[in-house]
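Peer 1: For the protein sequence lines, the chains are R and V, in the order given.
For the first sequence, the working numbering gives the first residue as 309, with consecutive numbering after it.
For the second sequence, the working numbering gives the first residue as 1161, with consecutive numbering after it.
It should be emphasised that the hints constitute simulated quantities derived from the structure, not laboratory data.
Beta carbons: idealized from backbone N, C-alpha and C, even for Gly.
Careful, some of the hints might be misleading.
[Unchecked claim] Partner residues are not named here, just some residues of chain R that face chain V (Cβ under 8 Å, in silico):
1. Phe382
2. Gln652
3. Gly654
4. Pro655
5. Gln689
6. Arg693
7. Gly694
8. Gly695
9. His697
10. Cys726
[What the hints assert, rightly or not] Which residues of chain R face chain V? A few of them, derived with a C-beta cut under 10 Å, are:
11. Val657
12. His658
13. Ala662
14. Arg685
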Amino acid sequence: MLESHRAGAGPTALPPRAPAPHASPRLLAGPQPERGAESFAEHRERLGARPTGGDWMIEVLERSGLRGRGGGWFPAGRKWRAVSDHVEERPALVVVNASEGEPLSAKDRTLALHRPHLILDGAQVAAESVGAEGIVIYLSSPSRPLVRALHRSLRERRDAGVREVPVRVVRTAHRYVAGESSAVVRRLNGGPSKPGFAPPYPSERGVGGRPTLVHNAETIANTALVARFGDAWFRARGTAGAPGTALVTLSGSVRHPGVYEIDVGTPLVDAIGLAGGVAGATAGVLVGGYAGTWIAPAAVAHLRLTPDEVALGCGVLGVLGGHGCGLSESARIADYLARQSAGQCGPCVHGLRAIADAMLRIAASDANPGDLERVRRWALQVTGRGGCHHPDGAIHNVVSALEAFPDHLALHLRGMPCHGWADGALPPPPRSTPGWR
Amino acid sequence: MRDPNAADGPPRLRLNPILCDGVGYCAEIVPELIRLDDWGYPIVERRPLEDGRLQRLARRAVAQCPRVALALTAAEDTRGS
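In isolation and in its complexed conformation, chain R is listed as follows (with noise of 0.2 Å):
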């Protein structure tokens, strides 16, 4: 087991047993999780080379369907094809961000502790294909073990003798907003890591004015096996909208919380059951992470895991069992999504602490009269009014519990007391901590 890189984080170990046969892993198959990062060497006996990237692999990439995994699933084809169309004047420039701003997601820095070579043959392959001569991957400051692996696998790789597009890692500091593509853009200018207002868009001109390709790690990191075994194998599993398999980190009440990977389409219910399932009945679900859907427990049964369906966000599925309160959940990450708005639009400023300071009093069962009108009334007016989405996020996360769990929300409206309020299921918020590089 790996410990936590950051204070109040949720798990972020892969499960202590295989996975179930039927879910045989792509990005995650190979040595064992206790033996830590694969070394070039294996990599290479277990894959074979890379192949070089070029225009071909932008028309493989279109055909394989494979859309971002780091919160919007973007088709990846459709970035690449926008990034070398505008390469013309200058080089490009790769970014893959693994800096995982969202608290309950451990997937990415899963993948780079144990699967490094896979992102680094993946970002090489881009480069080459939309024209970069830079490639930066991206992280957050508190993930220095994570800096240190991946120094030692591109020394690996320099060892070894292979030629490459130069990698630099750069890290930021942790903020929920700092791994959006503008922003990750500004850090990488020099600036804070801050949205910014488009246009113009990074793959228009980014970094340095260049066309830049952020990408979240695990995409590129699909990227590297779409390479090797074509878009027909990719969308041999997965879901026709929505082809491959996808990483998952869970946590609350489930036995073994952890990441697991699963195909696109699978059953809510039979992805907790990899984790072991719950003790107990399930009394709602987060999917999607802090800017996600809370689910229902009658709806539990029957939702797919596909963005066809649900909001996927980067794979988050926070289990509540027995006692758990989503509405008690909503409002402890309204807060932190609060205090992380970036500071820069009045109706996100404003806005969310109005709502999260509303939801607050209704969680602890010591609302105002009016607060519950006040935040359905707030949430009309903020969405969509911020320079980025951060703001429509936390509120989807308000709206959703409130639709989710009616009979909780009567309670705490009557001023009825709940266990939920006082333990939460869920890794409680991290601390928001100052600072923006």
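Given the coordinates of chain R, assemble chain V onto it according to the supplied hints.
Peer 2: Frame of chain R; chain V shown alone:
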């Protein structure tokens, strides 16, 4: 920013919420298109402006914004808020 006259179709208002400080002149100049939220920040209608009078008022609101947060853009440019 694209030149609104260069594009086909009527322009629409676009607010950069990072630049906006909630000064509020815009809502006084063109209340038909801009109202203020509970904290004094503008809520901007994004529909294309067909009407000549509204276009003139919108242009004045853009010119009067001390933070240069408001712009008129081509109607088909639906990106951003």
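Peer 1: Decide, hint by hint, whether the structure agrees.
Peer 2: Checked hints:
At about 14 Å, the closest approach between the beta carbon of R:Phe382 and any beta carbon in chain V exceeds 8 Å, and the interface hint on this residue is violated. At a threshold of 8 Å, the smallest CB-CB gap from R:Gln652 to chain V is about 5 Å, leaving the interface hint in force. Here the hint on R:Gly654 is kept, as its CB sits about 4 Å from the closest CB of chain V, short of 8 Å. At a threshold of 8 Å, the smallest CB-CB gap from R:Pro655 to chain V is about 5 Å, leaving the interface hint in force.
The interface hint given for R:Gln689 is met, as the beta carbon of that residue sits about 5 Å from the closest beta carbon of chain V, less than 8 Å. Interface restraint check for R:Arg693: the shortest CB-CB distance to chain V comes to about 6 Å, inside 8 Å, so the restraint holds. Contact between R:Gly694 and chain V, as hinted, is supported at the beta carbon level, the nearest pair being about 6 Å apart and thus within 8 Å. For the restraint placing R:Gly695 at the interface with chain V, the shortest Cβ-Cβ distance is roughly 4 Å, inside the 8 Å limit, so the hint holds.
For R:His697, the interface hint is violated, since its Cβ never comes within 8 Å of a Cβ in chain V; the closest pair sits about 10 Å apart. The closest approach between the C-beta of R:Cys726 and any C-beta of chain V is roughly 28 Å, which is over the 8 Å cut-off, so the hint fails. A distance limit of 10 Å between C-beta atoms decides the matter here; for R:Val657 the minimum to chain V is near 8 Å, and the interface restraint holds. Because the closest C-beta pair between R:His658 and chain V is about 4 Å apart, less than 10 Å, the hint holds.
Residue-level restraint check for R:Ala662 holds (minimum Cβ-Cβ distance to chain V is 8 Å; threshold 10 Å). Nearest Cβ of chain V to the Cβ of R:Arg685: about 8 Å, under the 10 Å cut. The hint holds.
In this structure, the hints that do not hold are numbers 1, 9 and 10, in rising order.
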